[in-house]
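Protein chains in written order, with the working numbering: chain A, 1 to 304; chain B, 1001 to 1281.
Honestly, the hints are just simulated from the structure, not real lab data. Don't take each hint at face value.
[Said to hold, decoys possible] Listed next, the in silico DSS-like pairs over lysine-lysine satisfying Cα-Cα at most 30 Å (straight line):
no., chain 1, residue 1, chain 2, residue 2
1, A, K208, A, K285
2, A, K208, A, K75
3, A, K101, B, K1006
4, A, K101, A, K208
5, B, K1136, B, K1062
6, B, K1006, A, K208
7, A, K75, A, K285
8, A, K56, B, K1062
9, A, K56, A, K75
[To be verified] Computed footprint of chain B on chain A, listed as stretches where at least three residues anywhere in the stretch have a Cβ under 8 Å from a Cβ of chain B:
no., segment
10, 29-35
11, 96-107
12, 116-122
13, 128-134
14, 174-182
15, 221-233
16, 255-265
All C-beta atoms in this analysis are idealised placements derived from N, C-alpha and C, irrespective of residue type, glycine included.
Here is how the chains run, residue by residue.
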Amino acid sequence: MTEHTAELSGTIAPRLRAATTEPLWVQWGLTLAALLFLALFLAVPLVAVFAEALRKGVGAYFESVHEPDAFAAIKLTLLVAVIAVPANLVFGVAASWALAKFQFRGRSVLITLIDLPFAVSPVISGLVYVLLFGMQGWLGPWLAKHDIEIIFALPGIVLATIFVTFPFVARELIPLMQEQGTENEQAALTLGATGWQTFWRVTLPNVKWALLYGVILCNARAMGEFGAVSVVSGHIRGQTNTLPLHVEILYNEYNFVGAFAVASLLTLLAMVTLVLKSIVERRAKVTSADAEEVGLDKMPEKQI
Amino acid sequence: MSYRWKSHSVLPGFGLTLGYTVVYLSLVVLIPLAALFARSAHMGWGQFWETVTSPRVLASYKLTFGAAFGAALINSIFGFITAWVLVRYAFPGRRIVDAVVDLPFALPTAVSGISLTAIYSQNGWIGRYLEPLGIKAAFSPLGVGIALTFIGLPFVVRTLQPALADLDRELEEAAASLGASRWKTITRVLLPPLIPPLLTGFALAFARAIGEYGSVIFISGNMPMRTEITSLLIIAKLEEYDYAGAAALATVMLVVSFVLLLCINLLQWWSVRQYQGGGAS
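Based on the provided sequences and hints, a complete structural model is requested.
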């Protein structure tokens, strides 16, 4: 079982072990219940995506992925992620520097506000931009007069994506940087480093795993977002369709093999995300054990 | 001593980074959210109330909150068992199982939506066995519950895991050596400190579920009065260019979300306090 009971088992062993663990049949029963639950709700849907995608054979599968509209959707999805993720990365770093390395009034309010987008449902995240920039929105008529397209165009999709992925990097960095304190930075400054040098050589290396972790989660959500993007995109095939929206369109046209084929690409992305995430978690743990830094070992536990 | 709003620091860059943070936060999050509230305030109380309490909308609340509650409940029970098994028992493949728990976070909601629909529709892998029993899973409120269970699955597991790992083994040994049965040790010693994180996980799963859209709309069938969730109604109003109506519904959902967020923060505060109190005494 655990190290603790293993260590005891040599000495006072059998009775105490029996007293601090459950009977074997209970252990088996609970493990089986958990695994069955996870199999039913996680493994079956995962396998079903590939099974449905390959229903009409490998040929049909590649045909549905190898298609101009699908390519356009892939390109748009990548483009949106390439804009939204760095935007939130820069914000996350700036925000965590101001909020974690300094003490000022209103700090905790600001931290709460940064988490706000996680409490807003995806549809509403898209809706707020339609209310601002849509044809009947506040800035709509002005934008139309100046021929600026935001809603039903790339800027709207990028904005909605930035909104839903807003807190990812910041919320990984703030608690960690706060626990690391400012002593290292102060030492670097005392030794004559400039502010930038201190940031690049001292602060950044200390938080690189948490940063990477935040970026991975941010990217997965940016590429996979459906609700918010669906509200602002306008669903113009080949133009404002991201991959998840393309899945919906194909599905609603009863092109199930096509829908599941495109969905399988997104599923692969999700699986790569999970693998990268566990690698980063493990590296972060090793680093924190080496450096005896506090905080990093707690990192993997909080997320939304 | 004169009052300062910021304590002194030798580190540079405070003004720049704080300024950037506040401006970016305002432009992307605060101003758009304020616009939403302003838009629904614009329509007047009577009309607002009429919009958010029309029969079709009330039916959607019932489904959304009911299914979200049921899903969060199922996730609490099985999430507890899963977290317990992952922390306490060793079995082959535990690490992989642990990583896969996060799948609902990583998988785009549209993908989980069509996949669950395929499984639970009447020809699907599971649906075909439910059909003869008279259970209609897809295109029914039950289907909404299934999708919301999938979406909320990681929350309870992930909030309970660290709490379970932090439990002091010595307390159990003490209880056992003082003659408590295993069942008594679990219910009287282990369970009490786990209740705040369990409630937090429940609230997080519930909060996520009431706003969910992508995974639900495929499996629900979207029949008015029967299987229509509130998020979908917001989109329906938007498609009719009824911006004020959409904003009104969104305001109701936002207020509920913010209240839940407040509850979650209080629960976490309670959890920390209880844990510290228990650890010290």
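How the hints compare with the structure:
1. A:K208 - A:K285: Distance ~12 Å between A:K208 and A:K285 Cα, so the pair holds.
2. A:K208 - A:K75: With a Cα-Cα distance of about 28 Å, the restraint between A:K208 and A:K75 holds, given a limit of 30 Å.
3. A:K101 - B:K1006: It holds: about 12 Å lies between the C-alpha atoms, which stays within 30 Å.
4. A:K101 - A:K208: 16 Å, holds
5. B:K1136 - B:K1062: It holds: about 19 Å lies between the C-alpha atoms, which stays within 30 Å.
6. B:K1006 - A:K208: 28 Å, holds
7. A:K75 - A:K285: Measuring from Cα to Cα gives roughly 35 Å; hence the hint is violated.
8. A:K56 - B:K1062: Status violated; Cα separation ~40 Å.
9. A:K56 - A:K75: 26 Å, holds
10. 29-35: Held - the segment 29-35 of chain A has 5 residues with a Cβ nearer than 8 Å to chain B, which meets the minimum of three.
11. 96-107: holds (count 9)
12. 116-122: That given contact holds, which follows from 6 residues of the segment 116-122 of chain A lying within Cβ reach (below 8 Å) of chain B.
13. 128-134: holds (count 6)
14. 174-182: Our answer is that it is violated, as 1 residues pass the Cβ test (under 8 Å) against chain B, missing three.
15. 221-233: Since three or more residues must qualify, the claim that chain B covers the segment 221-233 of chain A holds, with 7 doing so at under 8 Å.
16. 255-265: It holds, with 4 qualifying residues against the three required.
Of the numbered hints stated above, those contradicted by the structure are hints 7, 8 and 14, listed in ascending order.
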